[in-house]
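From first to last, the protein sequence lines stand for chains A and B.
Residue 74 in our numbering sits at position 74 of the first sequence, with consecutive numbering throughout.
Residue 53 in our numbering sits at position 53 of the second sequence, with consecutive numbering throughout.
No incorrect hints appear here.
Derived list of chain A stretches under chain B, where covered just means 3 residues or more per stretch with a C-beta under 8 Å from a C-beta of chain B:
| no. | region |
| --- | --- |
| 1 | 156-168 |
| 2 | 172-185 |
| 3 | 258-264 |
| 4 | 290-296 |
| 5 | 475-489 |
One-sided excerpt, in silico: chain A residues whose CB lies under 10 Å from chain B:
| no. | residue |
| --- | --- |
| 6 | Gln84 |
| 7 | Phe89 |
| 8 | Asp92 |
| 9 | Asp239 |
| 10 | Arg287 |
| 11 | Gly354 |
| 12 | Phe492 |
| 13 | Gly514 |
| 14 | Ala526 |
Just so you know, these hints were derived from the structure itself, not from any lab.
We treat Cβ as the ideally placed atom computed from N, Cα and C, and that holds for glycine.
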Amino acid sequence: MKFSKFWLMLILSLSLVFVLAACGDDEEASGDTEEDDTATEDDATEDDGEDATEEDDDAEEGDSGEAQQGGTITAGMYSAPGHQFNPLFYSDAYEANILSFTHESLVQLNEELEYEPSLAHDWEINDDFTTITFHLNEGVKWHDGEDFTADDVYFTYATIADPDYVATGGVRTNYVVGLKGYEEYVNGETDVFEGVEVIDDHTVAFHYEEENIKMLFDTSFIIVPAHPFEGMEISEIPDSSASRDAGEVVGTGPYHLSDMIEGEQYVLTAFEDYWQGTPYLDGITWRVIQQSVMPGLLESGELDMIAEPNGVPASDFERVDGLENITTFETQDFGYQYMGFKFHHRTTEDVESGTINPDNWVENEKLSDVRVRQAIVSAINRQGIVDGLLYGLGSVMEAPFPEASWAYDPDAVTEYPYDPDRANELLDEAGYVDVTGDGMREDPDGNEWVLNLDYPTGNEVRERTAPIIADELGEVGINVNLRQPREAGPHFDAIEQDNNDFDLYLAGWSLAVGDPDPAGIWQSTAAYNYTRWNDETSDELIRKAVTAPDAFEQDYRAEVYNDWAAHVSEEVPMVFLYSADNIYAYNSALQNVKELPAGIYQDSHLWYLAQ
Amino acid sequence: MHKYIIRRVLQFIPMLFLVTVLVFGLAKAAPGDVLSGEMLDPNIPHEVLEQRREALGLNDPIHIQYWNWLSAVAQGDLGTSMQYANRPVMDLIQARVMNTVYLAIFSLVVTLAVAIPIGIYSAQRKYSLFDYGATTFAFLGLATPNFFAGLLAIWLLSFQFGWFPAQGTTSAVGLSGFELFVDKLRHLVLPGFTLGLASTAVYMRYMRTEILEIKGSDFIRTAHAKGLTKNSVLYKHTLRNALIPIITLLGFEFGFLLSGAVITEAVFNYPGIGTLFLNSISNRDYPVIMAINLILAVTILLGNLLADIFYAVVDPRIRYD
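Chain A extracted, bound-state conformation (with noise of 0.2 Å):
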């Protein structure tokens, strides 16, 4: 009796899991017919024949066949967006990755990092660079159906500088604080936020206080309604529903945010009214997966898309390239991966008082002999690290523009292959000598001389840096004191309340270039200036290229860039170790992707999955 009781309960439990996994068979079945049915679909708007083809004029890149309607797609992100789908406030890169779909700037980045247009067709600079005018697209519409105006730029700059913006948590005020009246705006003393002026319907006019040569990047803002929080305190704009809400948040872009299951899945759905055309895909769906079976989905067809913010990791680019429907496509990164010496450290006051002043920071003698520096970057193999930890999906770079910038140019710097017998000799040279027979070097007067290295954990790749380069400069004597690697949020506040006692540390960047002006990181006054490098020709040379009229002419500015890159590269403040490959991966099938070195998000209206 009971062994039959038990029996039964086995059986019946196994007889559920079968038939939950015929459920599954019967699924899959149905999604082979749902493609079907999407085939059938396009063939009838190949009989409508004349929409297919006018269309197919503005799909220019189009090289194999005629673009079609129809089909979704669906992609990939690793972490779930944090729920803010207003431009205003979004924080994370999983919402960019939604934004980006579905809402517009008013110019976008180009092949060659430059401005074109987008939601302006057309802008003028008056002759002293304080004032742009935008002409607007006209008949562009906001996903519902409103119409697109000049007031809608006027609101998205005004809230930014609201005086209640950054308490309700905003933090894109860089976009704003050069604009003229924002002062008085942000101090609530008037109403009239003066740097934005509406002239008409379409035209929108720019006013800065001083002249601005980055005025392109700064009006560069997503544009965000105004209809939808008209009467709405700004503090009430993050929980609104049109910030939240599927179905609710309205932008400009070719697809809107139609259906969420939160954590799990963002549905884009196309928007048929979108000023530059109907998109070919019904709607782009993102899932958001685990990375470890990422290269498995992408395999069975799950998932036809995987690109930012993470992209593939190095250590499976091999295994994904190699799927036969799977075109993979890389671009290097914007941001880079570096060690940054410390030259100074603030004092405990300045430390505490916030205060960044250059005259009381207290020299790391240390490091301060340029040979010891460049001694240290010739040590270290960073080839060696983007071959063996980045598979070779990477590049070494000698100075902080990226490849695709304009303000790159590989013959201005001074480059440093892996060496260590040339960083022997410059260490010697230093006076930087072994005089005790420890195999370690002393410094010039024969004190101990050793190095502290921190690095944070959370960047796999950067993480496993670390002992290597303790290692390799271990090699050429110098004697490194590896630390216990912090959790990245305290090792970056560590960096910069940095009355303690850091020699070198690992960091890094990431950076969108929306223009190559190096002064947030690199002016001895910014904040974000880690390494406390207080050089006055690297800062006149940064002032020297964003300063008119000269600097009106980007050729001008590049060779700026080129003298303050070589001098960069000479004064090594600190290494750059590499800056790893954006690698995109996307089902063979869809069309029309734009690989530019921003991204391949561009004109996804254009999209279209081959038969």
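Got chain A; can you put chain B on it based on the hints?
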């Protein structure tokens, strides 16, 4: 009984207070805060981050911060997330809690349905081939880390055989009714079994040992001597007593399932409380950390209380007055 329950519930208050003080203190003692990670984008002006810290109250002394949190919670307000642009914490939890509850229930049902019968059968057939097999399985189950078991299950049952979906809780938006139910159930299978694997092994061993021990006791011998049938002795006398330790375990289990699903949820990208918790810890999102901790503490305390009450039901010798 009522008095006992009321007394126990009153004891919760100081315990919860201590738990929150401890967790708040520990969370704050860890270096860094929610804005630390944002320092990598030089386009964000540095002063803005300082203003944000001030606005979030992160610059206040720790006891003030705790007091602000406590007084808000006392009024039923769990606060807003610092990481998700001021989204209410309740909102974040509500969006995920049911997923975790489904997963917990599924895994618990599977655990008990597998572990108890096998445990009983193993004990009945001590040192048989089946018993050895079950023991081997139990140790394998205990020794296999969750993430490995999960990835193995994905590779085998999802990628190779295509039986079950590998990720998430549903395959598409817009499903409803029975279709949605089946779809959700199919998504539960792999994470549910993975999550239940270790506890299945534990329960199985407990069950076997308990039954073996009780079988040797005097009152069972008496029952046999009275002439009761084998089955009657097993189900009425042995099993009832053997279930007591299982109930103790279950009391803890529910809290464990709610919090301990972190790894499983991550492997299967199953959006529940576990992933939210992990994410809030790595981003130092204190309001979310505190809220989840509070909920877990209450669940575990309630689970234990329920276990104590069930003792009385299962074992007539136990009475609370």
